[in-house]
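What follows is the residue order along each chain.
4 protein chains.
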Amino acid sequence: MGLSAKTSFRVRYAETDQMGIVYHANYLVWFEVGRSELFRELNLPYTQFEEQGLGLAVIEASCRYRKPSRYDDELVIITEIDHMSSRTASFSYQVYREETLLAEGKTVHVFLNKEGRPVDVRKYAIWPLLQSILEK
Amino acid sequence: MGLSAKTSFRVRYAETDQMGIVYHANYLVWFEVGRSELFRELNLPYTQFEEQGLGLAVIEASCRYRKPSRYDDELVIITEIDHMSSRTASFSYQVYREETLLAEGKTVHVFLNKEGRPVDVRKYAIWPLLQSILEK
Amino acid sequence: MGLSAKTSFRVRYAETDQMGIVYHANYLVWFEVGRSELFRELNLPYTQFEEQGLGLAVIEASCRYRKPSRYDDELVIITEIDHMSSRTASFSYQVYREETLLAEGKTVHVFLNKEGRPVDVRKYAIWPLLQSILEK
Amino acid sequence: MGLSAKTSFRVRYAETDQMGIVYHANYLVWFEVGRSELFRELNLPYTQFEEQGLGLAVIEASCRYRKPSRYDDELVIITEIDHMSSRTASFSYQVYREETLLAEGKTVHVFLNKEGRPVDVRKYAIWPLLQSILEK
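Protein chains in written order, with my numbering: chain A, 13 to 148; chain B, 13 to 148; chain C, 13 to 148; chain D, 13 to 148.
Hint data in this document are derived by calculation from the structure and do not stem from the laboratory.
Treat each hint with caution, since some may be false.
For chains that are exact copies, the list does not tell them apart, and a pair is met inside one copy or across any two.
Unchecked claim - In silico BS3-like cross-links for lysine-lysine, where the CA-CA straight-line distance does not exceed 30 Å:
| no. | residue 1 | residue 2 |
| --- | --- | --- |
| 1 | 79 | 126 |
| 2 | 148 | 79 |
| 3 | 18 | 148 |
| 4 | 118 | 135 |
| 5 | 79 | 118 |
| 6 | 118 | 148 |
| 7 | 135 | 148 |
| 8 | 18 | 118 |
| 9 | 135 | 79 |
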């Protein structure tokens with residue numbers, strides 16, 4: 013599909029651990045920051061999903077850590093939609109410090125309603141907008 | 013009032029920072045763990061507040077850090093109700109490693125409804141139970 | 013190998029997100045809690061690794077989320093050593109609420125020295141102890 | 013003194029809790045983000061302190077929460093040096109969403125060496141730079 017977004021951010025002190033590097037779970041938080049930015053750039057902010065009673069719950073997440081990142085590093089996360097259907101979506105992520113790839117990951121999601129049941133997004137008002145984006 | 017609870021827990025690796033000690037914001041998380049335990053011991057688990065559409069939002073929090081805590085430390089948090097009325101509540105906390113006081117803090121709260129407006133708990137089903145506890 | 017440990021803990025309010033369930037990155041934190049407990053039960057607390065200048069850095073982490081967990085849930089995490097050599101180790105994790113499997117995951121690690129370089133643990137004082145455990 | 017910095021950032025999904033608003037402990041993390049930015053703008057990035065074996069440990073932190081912040085809010089944090097000497101420092105913080113003050117807080121710090129003992133910064137190479145800033 014090739015829909016992607018680039019987000020810059022700085023590593024927070026709170027994100028480090030006593031090994032002197034970023035604690036690994038924080039990369040999943042950054043992936044979500046990248047995902048948020050991607051939706052925003054597509055004029056489809058994630059808040060709109062939730063306003064319609066839709067959630068995009070994570071069912072799988074994985075990350076490969078290649079090099080450590082450190083406090084105050086200025087990082088870039090590249091988020092790409094791997095696949096999106098009316099029921100599921102998956103994204104891939106790459107975290108860079110300048111030209112150096114630090115980590116890469118993937119998340120898989122399902123659309124859920126407010127009760128936490130899987131739903132078909134085609135029944136929601138957001139669908140035409142989502143569809144037009146996917147067709148690009 | 014003197015209502016208090018004691019909770020034991022171990023410091024997680026994720027809670028440390030690159031200074032080699034626990035990152036200070038985590039103490040507020042621990043305070044909430046202590047508060048949860050206190051309500052549970054009073055047979056008034058916080059989940060019951062939320063089931064009735066009530067929240068106990070933090071409006072003030074403070075902590076004094078006396079000695080650092082470290083990964084794998086076995087800590088005890090003592091949580092005490094300082095004051096509770098039908099609209100507000102305040103708690104104090106002490107974090108110990110064995111006999112050593114590491115930190116102490118305080119939080120102040122208001123009761124809110126689901127819309128985030130301050131409410132009087134006397135209008136809620138939980139009130140008689142809460143009142144009987146406060147009278148002890 | 014079959015070396016495993018069981019750890020119980022309660023979900024913290026801080027671990028939830030506005031979907032009303034536990035934010036997915038926290039499972040990686042719990043995995044580390046399980047790993048810590050496993051080492052402690054093997055009489056080889058992770059603090060001993062670090063005292064000898066050794067780290068066990070995460071190079072891969074993954075999680076499959078089957079059912080959500082919620083605030084105040086009492087959970088059990090089962091941590092198992094999948095593989096351990098003098099240079100690398102991998103662990104698998106299962107998170108349960110009573111009989112229900114909520115999530116399962118895996119982490120892969122390398123032993124690093126203080127400078128962050130991969131090392132062979134056989135050169136460290138901890139090795140005989142580690143070896144005797146692995147031979148069980 | 014009047015030395016201050018302004019930092020913009022967006023609320024992360026991970027920072028919310030099941031009340032649908034930002035979990036209160038995250039404000040302390042944001043305060044640290046503001047502090048980092050302030051030092052960077054003074055050409056005295058906090059990494060330089062640590063390179064010289066100096067830490068600026070938090071000994072007190074407090075926050076008053078006036079209005080909730082929510083996922084995806086674009087916030088501004090204004091960080092100000094209240095007081096700085098060769099041994100201690102204190103900062104104040106204000107968190108805004110556009111014109112609305114959401115929270116304000118304060119932290120107090122001591123300079124520590126690598127062993128965690130209070131030190132006098134005048135003995136460190138960073139002092140002349142720090143002094144020149146303070147005299148502004």
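Hints, one by one, checked against the model:
no., hint, in the structure
1, 79 <-> 126, "between (39 Å within a copy, 15 Å between copies)"
2, 148 <-> 79, "neither (34 Å within a copy, 34 Å between copies)"
3, 18 <-> 148, "within (18 Å within a copy, 38 Å between copies)"
4, 118 <-> 135, "within (27 Å within a copy, 36 Å between copies)"
5, 79 <-> 118, "both (17 Å within a copy, 19 Å between copies)"
6, 118 <-> 148, "within (22 Å within a copy, 36 Å between copies)"
7, 135 <-> 148, "within (21 Å within a copy, 54 Å between copies)"
8, 18 <-> 118, "both (16 Å within a copy, 28 Å between copies)"
9, 135 <-> 79, "between (43 Å within a copy, 24 Å between copies)"
The structure shown violates just one earlier hint, number 2.
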